[in-house]
Every structure is written in structure tokens, then in C-alpha cells.
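S.K.: If you want the building blocks of each chain, they are given just below.
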Amino acid sequence: MNDLQASELIAKSLSGELSELEREELSRHLERTPEAQSLANLSVLIQKTLRDSSDVVLNDQVNDSDARLSSVSKERMRRSIRAAQRASLSQRPASQLQVAQTETTYYRGSTDELVDDSRQSESRFTLLRKIGQGGLGTVWLARDERLRRNVALKELNSQAAESQKLWQRFTREAEITGHLEHPNVVPLYLSGVNPETGLPFYAMRFLGKQTLADAIREYHVVRKGSADDPIHLHRLLNAFLDVCQAIAFAHSRGVIHRDLKPENVALDNFGQVLVLDWGLAKLDSDGELATRLSLAGNLQSDSVAQTLDGDVVGTPLYMAPEQAAGDMSQLDERTDVYGLGAILFAILTGNAPHENSYRSASGQSRLKDVLDRIVNSETPLPRDSNPAIPRDLESICLRAMSKERFVRHASAQELASEVESWIAGRHRLQTRYEAMRLIGRDLKSRLCVQIRQLAVTAQFMVELPPIRGLQELSPPASPRPSMDSDHQPVDEECAPEEHTPQTPEFNLWKERLSSVLRALAKTNATLYALSYSRLCDERICELVRIERSLHDVANIRALPQSRLRRSTANIFHKTTMEQFPGECHIDFDLSVVGLIRIVAGVPVFDPQTEEPFGLVWAEAEIGRLAGPELEATQNKHTVYLIDDKGHVLYSNKPSSQTEIALADAEISRWPEIAQALAETGEYTESDREYYATRLTLPHNKNSIRIVLQVSS
Amino acid sequence: MSSEPSLTENDQLAEETPVGPEQWVDRYGDALYRFALARLRNSIEAEDAVQETFLSAIAGQEQFTGAGSQRGWLLGILRRKVIDAMRLRSKKRDSETVETGHDPTALLFDEQGRWKPGSLPFVSPDDRLQSQELWQLVRSCLQQIAPAQADVFVLSVIEEMTAEQICEVLDISLSNLWVRLHRARLGLAKCVAAKWFRHDEEVSLP
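Residue numbers (the numbering used here), protein chains in the order written: chain A, 309 to 1020; chain B, -7 to 198.
Just so you know, the hints here were simulated from the structure itself, not pulled from any lab data. Quick reminder that beta carbons are idealized off the backbone N, C-alpha and C, glycines included. Careful: at least some of the hints might be erroneous.
Listing some non-contacts, in silico: residues in chain B with all C-beta distances to chain A over 10 Å [stated by the list, open to error]:
#1 Val11
#2 Ile36
#3 Phe46
#4 Gln62
#5 Gly68
#6 Arg72
#7 Asp76
#8 Ile164
#9 Ser165
#10 Asn168
#11 Leu173
#12 Arg177
Per the computed footprint, the stretches of chain A lying under chain B, defined by three or more beta-carbons under 8 Å from a beta-carbon of chain B, are [what the hints assert, rightly or not]:
#13 309 to 318
#14 814 to 828
Throw the hints in and build the complete structure from the sequences for me.
M.R.: Now the structure itself:
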């Protein structure tokens, strides 16, 4: 047990939760560690002090000025008690009773000195309930009795009222809000001073308690619950555009918000969006409002922008680097562009941009740590927290959040138009992507049918009588001399006559087989070649091969004896020979660049000895197999067909390569595509650039990965 | 939870005659406020809790049978309001998704979990530190440690709630509770020791 663990046990023991064993271990530790004894003694002392103090607290003799209610608070309580008593006496319905839980009225007082503000004499609000509390003021849901509507009423806190600076800030917030008349800036109805408490307040439109922060949270819970519907993101982005418009408007009036975050954006279910909380706003000295507002002159001092204690948790999470650096002279419209980018970040990821810095920072210097990190570390990448974010949307967000101000969008308007074009372009992209996906799926099913057809052709060939005829006339395989002899060159071609006796009867069967195979090739335009070969001693000797001309597809010819293949058997031949009778093996033939073929082979057995004799195979050029679907893509998409080893078997990209291309060289996102295909068999992406699917060949021996890319 | 706090003799005399709601603020306001403030450590929230206590008491006035003291009855309501406020705070902390637990272990222990030299002064078990001043000191230290830890500590030590009750109120796991309590105790011990001994030295200077 080390000291830290012992301290845990000490803490636990004070809540009486130790086992016998733990207790013994702890007392041994305490005997030899003075610090542990100190901790235990101090903790006991603290606990005892606190418990004993429960009585002291209730004792009215306590002489502690801050431990009493202020007279303002007492008066407020008395009033609300009277109101509640009235309410309970008048037997109002229960629902109204609850609403009337706190009742304060603003009215013209009997003392004449309070009548200096004529607006007060006409207004009358009933506070219904508290809806928000900040370091500066408290926001109430209130009833405007004259106009019979609900309003949000913000009142300066009594503690804050003692500070001249905060008082000014509150009044300026009201003035700025009142001057920004825009559909997305909260409209101010009335401002004034409550004659009863002497505290300033202002009444504004009440939209409900929901903020953009709630909507973002909701969206990401739904998204993670795998019910991701693009319409939700679309709604949030539309709200975001409204915020951009409000900020662009404020900038045009020389006001910079400086405290943009989702909590400061109110929303309702009918698409209304209001930007709130202009308490930290800065006035541009040349701006329109600066000359009109009474307090503007007093408040150019930037100390006002320092966050209040109560706001410390929220604000740095969305703060721009220049703000975190405390570089107040650098704050301008682009600081708000950063704030907007930070809101977009939150919409895309569900987290505030600096949330991770905040989490990992610790200690009393936490705020300082976070601010340091905002200044010094790289802008976080949205796709790190949510890889499904479209890349182009991410780059808009990252540009707005650039550390360098000159890289950011020059205005909120410009940021809005980029997001707007992204939304508009997305519909077009989506349609195009869906069409490409359909082509991909058609391509897969066509390839599947065609390859099966190829296999059926090979299986049909085995059953042809000339196959049997040629086999019966072939001389028995003579064992080759042993290979260890130096005199025997390994690559020596087998003599033609060794396997193909030039008898008239043998030639007649060859002729017959050629004409059947030619006829077969004519009926299926995708076939490139058909072949019948004998395999002896690991060497392949073609007996008959018919092949389609590359230049004239109608020209199908039987290859003359001199052109027939005689060579060492390759993997395809050997694997085919290992199959059971009638079973097909499918592979790719990459030997000729530009003419990559799919080959389907079936072994031929000697019916008497039941020993393998040779094989037949059918070849088809891979590009031709998928013909009509490839034509359908025209120039709109790039198609790649790729085998398991990453060789590009086919691509409709014009190229003059002399070697087989490799997928990782051709396709930038190949690693993630390959991984998705291995896991789920399909790859789609929110960027709407690539689509991929996979066709597995029989016995899982190999597969074709079909990748489509939207041409730019 | 603890039993009803004991009252001084004077209070008990005063308690014999329950008063009407219009006199509650004057008679009980300050005491209730101190009670709430000691637990919530935030004057605005404490004020709100007291006000809500009065309003709830008016709504449920019939429930006061007069069997106990009126102050005890109000305290009972206030205690529930205080716990409600803490529950709300805890929820709010969660919904802000910002972890608020400051960890004092790094200040006191090295990487191997050994005490850092001089991290705590030696304190003997004698009672020479006990005083009203110490209570003020502890209170100010409670303000300094992370609120999430202080809340758990207050519920456990002042309200004497069991671990299970606290977990239920704050909707946290048992292991989270022990971590917070441990950190709270370390943080408080460090803070009180630092302040007291500095204070001590100042006093003893000629």
C-alpha cells in the first residue's frame, strides 16, 4: 500500500466504510507515516468542526455580516410570502398557484422621486419563474400585465449592482440589444430601473427555454443512436445561417459580439432563431452605434471583456486564440467569425472546440491552462470526434476557426454563403452519388451473372464429345527424366508430337472441337478465348485454342499449332487440376497488361484411370464483362475493379501504363475503403465521392472490389 | 441523514409559540439562510432555497401539526430544498459535459504515490485548533475546492447521508463518489493546513 492508497483509506474510514483487513493495514501505515497521521488528524478535525457548527449556524448570535439576509432580499421574501398567501386564500386553480410562486410587481411607487422614468409608470410585470442565472443578472419569465403576454425579464443581480463596471455593462447590454433591430437579434421591449430595489432591468421577447446548445445535444444523441437523419443537421445549419446573419448585421453597425456560443442562441420549434447576451459586445469606435450610445465612451476599456467569475466555465470553450491571449486590440469581426466557426464545430461534433483542453487541464490554474492551450495548440479537427462529417463542410469550419485571423472568412456573411452553397450543392451531390451507387450495384450484379456464365461455359466444354475423343487418342503421359540431371534443361518445350499425334483422326477431333468452340464464342460476345489443354509433368500443352481478335470482335479463329501454348503450368492450371470433376476454379490472368482476363477452368479426368488428364478454360476480358454498366457511367464516374492483392484489374481512366497499377497508388482513400469492404462488404461516405462494393468469387478464393469515384 | 439540529434554550422558548407566515422572514430568515449557505456555499442559491422553503411551507401549511417546533418543520423543508438544489447543480454540471473535478493528489503525492516532502505540516490529534475561527477557515476552504467534490463532502459530512443516498441524489456511481470524497478531504486538509499554519505564524510574531 503506498501513501496515496493509504490516504484513500483514511478518507473512506471517516465515512465508516473500512473492512477489518483494511483497518489493520491502515493503522500499520499510520504508525510509520507522519503525513498520513496529519491527514487523518486534520480530516477528523475538519469533520468535527463542521458537524459541531450545524448548531452554531442556527444560533442567531453568530456575528457574521455576510451570514444574514440583506434587507432587499428580506423584503422580496416578505412580498412573495404575502402574494403566495393571497393566492392560497383566493383558492385559485392549482396550476396558477404554481405560477404565482414568486410575485413581484413593478409599479409607480408612492414616493415621488421614483417617477422620473415615465415608462415605469406604464408598465407592470409579474415575475413568474426564474429561467436563468448568470454572474451579471438573473433572467425571469415574466408576465406583462398590460399587454397580456409573456416576456423574458433580465434584472441586474444585487451583488453585481455594487460594481460600477458591471452596472455599466448591464446598461450597455440593454442599449446595444435595443439598437440592433434584426429578426435574429432578440428584440428589447422595455428597459428601466425597478423602483423597489433600485436595480436596472430590461424586458425582451421570450422564445422559450431551448437554446442551440440543447438542439445540438439532442441531435447528437439521436445521431449516435444510429437514427441519423440528414434533415436534423439541415435544421441546425439553417439556424446557424440565421446566427451568421444576425452577427453580420451587428458588424455592419459596428458591434462585435465576442461571446458567441450555442448557449447564447435561443431557438423555438418554428424555426425562429435569436442571438442573445450582448453583454460582452464591443463597439467599434467608428461604428454607427458608438456615436449614438450614451455609455460608449466610458466602456472602451477592455477590462469589461474579462469574463466574470460565473462565466468562466462556459466561455473559454468557444474562445478565439487572440481573445484567449488577452490581446484585446486584436479583436474585430474575425473574432466573431471564429466564434461562428466554433458554433459550427459544436453543431458538427456535439462538443465545444476546446472541451478536450478543458478536460485535460487541471488544478487551480485550470483557466490559465485552457487559455494557454487555446493560444498555443493546433485547432482541433472536427472529424477526429465525428468521422462522418463531410470533408468540405469540415474545411469551411476549419477555415473560420483558423488561428491566423487573415486566413478566416473575411466576414460572417462570407462564412454564411459558403455554408449555404454547401447545403445547396449537397442536393446535387446527393443525387449524383445515389445514381453512382445504383451503377455500382448494377455493376456488381452484372459481373456476378457474367462470371457465373463463364463458369457455366467451362463446365459445358468439359462435357463436349471432342474433348473425350482427343483425350482417348492422346498417348499416355510418359514420365519425364528426373530434373536433377544437369543435361536436362528445365524449360525445354515438350515436343508437339509427344502429346499431339498428327493422325488424321486426331486432327478431325481437333477440327470438330474448334468449330463447336467457335460457335460457342459467337453466342457470347464477352468471351475472349476458350482453350483445351493437356497437363503432363507440370507442363501445359494446349491442344485447341480459339481466340477472338482484339481488333475485330466478329473474328474468332482457332490458333494454329505453332501458336499454341506450351509452358510450365501456373498456379491457375494447378489449382484447377486440384478441383473435383465438374467443379470450376476462377482466377485472374494478369500476364498481359491492358488485357486482364477472368479465367474459369474445369479439370478433365481420364474416364478409365480416373487420373487427371488436362483442363478446359474460358477467358473473358474483365472490361467487356461489365460492358453496359461501364458505358452507363460514361465520363461521370471513374470505375476501378480491384483484386484481393490490390491490383487494379480494370479502370476506365485513360492511361498508358506498362505495369499493373496498384490500388493505393490510384485511390487516395484506399486504406479506409479496403477496411470497410473487408468488414461490411460496402463503403459509402458522407463526402459523396467514393462508393465501393465487393463481389466474392466461389469458395471465397478471391474477390473483385468495385470502386466508383465521382469525376470532379 | 442527521437528526434535527439541536437548539439553544432561548430558541426553544421562542419556538413554543408558532408565528404566522408574515413573521417567518424576521424570525427564521437569517438562521435558515445560514443553514442553506453553509451547505450550498452560494448566497444566491441559498436565498432561493429559503424563499422556496417559505413558499412550499405556505402551500403545505396544513401539514404542520404543531407537534414539533415550527423552526424544525421549516428546517426539514429547507433540507429537502438544499438537496434538490444540489441535485440540480449536479445535473447541470453533467449537461455542460465539462468535468469539474480538480484533482489535488498531484500536489500532495509524487508519481509513485508517495507523499511529497513538506506537503502537509505535522498536526497532532490535540484539540488546540478548535475554535470558531477554524470553522470560518473550513468554510472558506470549502469554497475553494471543486464544487462537485464539495457537494459530495457536504452531503456526507454535514448531512450525514449514506453513500447510497448521496449517489441517488446526485445520480453518480459509487466509485465516482469515493473519488470525489477522497479528493475533497485531501483538498480541504491541504487548504486548512496551509491557511492555519500561516495564520498561526502571524499570530505568534511579537
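S.K.: Indicate, hint by hint, whether the structure satisfies it.
M.R.: How the hints compare with the structure:
| no. | hint | result |
| --- | --- | --- |
| 1 | Val11 | 12 Å, holds |
| 2 | Ile36 | 7 Å, violated |
| 3 | Phe46 | 5 Å, violated |
| 4 | Gln62 | 13 Å, holds |
| 5 | Gly68 | 13 Å, holds |
| 6 | Arg72 | 16 Å, holds |
| 7 | Asp76 | 14 Å, holds |
| 8 | Ile164 | 15 Å, holds |
| 9 | Ser165 | 15 Å, holds |
| 10 | Asn168 | 14 Å, holds |
| 11 | Leu173 | 6 Å, violated |
| 12 | Arg177 | 4 Å, violated |
| 13 | 309 to 318 | holds (count 7) |
| 14 | 814 to 828 | violated (count 0) |
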